[in-house]
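What follows is each chain in one-letter form.
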Amino acid sequence: MATETLGGRLVVQNICVNYGAFRALDGVSIEVAPGSITGVIGPNGSGKTTLINAITGIQAASGTIRLDGQVLGRRSVPRRAELGLARTFQAIRLFQSMSILDNIMLGAHRLMRAGLFESVLRTPRSRREIARRRARAEVLMSVFGPRLLPRMHQLAVNLSYANRRRVEICRAFMAEPLLLLLDEPMAGMNPFETQELSEQLPELQKLVPTSILLVEHKMDVINALCSHVYVLDHGVCIIEGDPRTVQSDPAVVEAYLGVE
Amino acid sequence: MIIAGWVVMIVGAVVVLLLPQVSSPYVLFVATEVLLYVPLAIGQNLITGNTGVLSMGHAALYGVGAYTTGVLVSHIAIGVPLTLLASAGAAALVGLGVSLTTQRIRGDYLFIVTIGLNFIFLDVVNNSTWSGAATGLFAIAPPAGGLLAVTTPARFFYLSLGVAALCVLISLAILRSRFGRAMEAVRDDPLVAATMGLKEVPIKAGIFGVAGAMAGLSGCVLAYFLGSVGPQDFNSNISLLIFEMVIIGGLGSVSGSVLGAIVLIAVPEFLRSVQEYSLGIGGVLIVVMMVLRPEGVLGSWRTAR
Chain A
1 MATETLGGRL VVQNICVNYG AFRALDGVSI EVAPGSITGV IGPNGSGKTT
51 LINAITGIQA ASGTIRLDGQ VLGRRSVPRR AELGLARTFQ AIRLFQSMSI
101 LDNIMLGAHR LMRAGLFESV LRTPRSRREI ARRRARAEVL MSVFGPRLLP
151 RMHQLAVNLS YANRRRVEIC RAFMAEPLLL LLDEPMAGMN PFETQELSEQ
201 LPELQKLVPT SILLVEHKMD VINALCSHVY VLDHGVCIIE GDPRTVQSDP
251 AVVEAYLGVE
Chain B
1 MIIAGWVVMI VGAVVVLLLP QVSSPYVLFV ATEVLLYVPL AIGQNLITGN
51 TGVLSMGHAA LYGVGAYTTG VLVSHIAIGV PLTLLASAGA AALVGLGVSL
101 TTQRIRGDYL FIVTIGLNFI FLDVVNNSTW SGAATGLFAI APPAGGLLAV
151 TTPARFFYLS LGVAALCVLI SLAILRSRFG RAMEAVRDDP LVAATMGLKE
201 VPIKAGIFGV AGAMAGLSGC VLAYFLGSVG PQDFNSNISL LIFEMVIIGG
251 LGSVSGSVLG AIVLIAVPEF LRSVQEYSLG IGGVLIVVMM VLRPEGVLGS
301 WRTAR
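Protein chains in written order, with this note's numbering: chain A, 1 to 260; chain B, 1 to 305.
Simulated from the structure, these hints should not be mistaken for lab results. Cβ atoms here follow ideal geometry from the backbone N, Cα and C, with glycine treated the same way. There may be inaccurate statements among the hints.
Output of the computed footprint for chain A on chain B, the stretches with three or more beta carbons under 8 Å from beta carbons of chain A [unchecked claim]:
1. 173–179
2. 182–190
3. 195–207
Label pairs and their computed distance ranges (CB to CB) [stated by the list, open to error]:
4. B/Thr151 x A/Phe117: 32 to 40 Å
5. B/Ser24 x A/Glu138: 52 to 60 Å
6. A/Asn18 x B/Leu93: 38 to 46 Å
Put together the whole structure using the sequences plus the hints.
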């Protein structure tokens, strides 16, 4: 991949988040290189989801967050989405009343150029645009083999847990984001499904070139996918580096397994 | 199946179009009344059924439309097309204003605030000279021979039919577009919708504007139909009636809105002896519906439990 043309560099500097007296993030700085998959690990309550919420603007935070040099500052959640941030949620959040296809198509909202009148009047331009995006949605679904494609007109609420995860991941890739934030995408999946997804994520990334910030618990997933990983504990980044070096660090072992 | 559907629609359309020729004046009157409520129920359904906003002030938007026509007609010589436009515009602006000023209020709280909208509207028209205070405005008539000169019951029927059909088409077109999905996304999960770049405030305001315009059109036709406008036609009972139409007909369904208008206007009319109880009948129907079919007769939206 030509990294010079590829955007999606995230630079987070010294961000802090307080929940009342509790400091959820305490001066965390991370960087996601364009086109990379960068991991964030840490025990429960270490601030991983708070970090994603701060980057997407759901949670107010001090410090600076830059996407390709642009300071996100006080921009609202939708404005950040328009700039090219997309995410999934640890507890899957699909639009329950809609079909799989409608859910995934909504992901492309930031890319749609036909305005309100064109869409409502179904002008040829807006129909072509929708046909193009729909073809794209089918390509993304096909990465998951026969799991989503034959069911795309079914209501999202009727899907299995793993399939709902897959829909949410497709929906996030549909935005063709500069940076994709995945919040424990493998949570609740069995070892086979986990293995499958860790092969499918790079495939999706090949179809939609984007940087990925991956929050995950499962170390083998991190080992397989990430070139660089940050370890959070109690809202502080205790170490960073390549996954194998990080795992053998005594501080990480202590945070994860406790001291002997 | 598709052919059968078309046949039913064509037969239905012919019957409706020929109604003024074949029906008694009374039936035509009731049919016109039903048609006046169709744009109201459709607008309320866009707001509550599709966008998930609990608003209970629709009669105020209806009233803004009716009074706009009433005031214009009593001051200047103006034709029907212009009063339709003016009423739609005025009610749309009020709808937009209501949505933008209440954007931070959600759920049940907004329901209560919008009940207040009815009383604000009534206080304004009851205490202003331009609105004829408590007696209202009279002798609202279209200029003879003008474009869309509505002078006979049949013409009133066709004008209401045209307005209702226009609102049905607009509503269907919006819901079939990606903006229909956007509204439903904001309803289902506003936070997730925001992470997709969907902006809740303009979406809700836009829908209030569209629904306001529809209510304004109905209000304009009503002003001509009755020949007068008065505060009693736009009180909170009317808002409740419109709200009931949507709950009974089906949240999120355009055909449900039409059905709701028929059930709550025509049925009590033909059961003359119980007409005084139409709100109460609606209430009983809602209780029964909530138990048996909470999404309404033709509703599509059933929240996950």
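Hints versus structure:
no.	hint	in the structure
1	173–179	holds (count 6)
2	182–190	holds (count 6)
3	195–207	holds (count 6)
4	B/Thr151 x A/Phe117: 32 to 40 Å	holds, 35 Å
5	B/Ser24 x A/Glu138: 52 to 60 Å	holds, 56 Å
6	A/Asn18 x B/Leu93: 38 to 46 Å	holds, 42 Å
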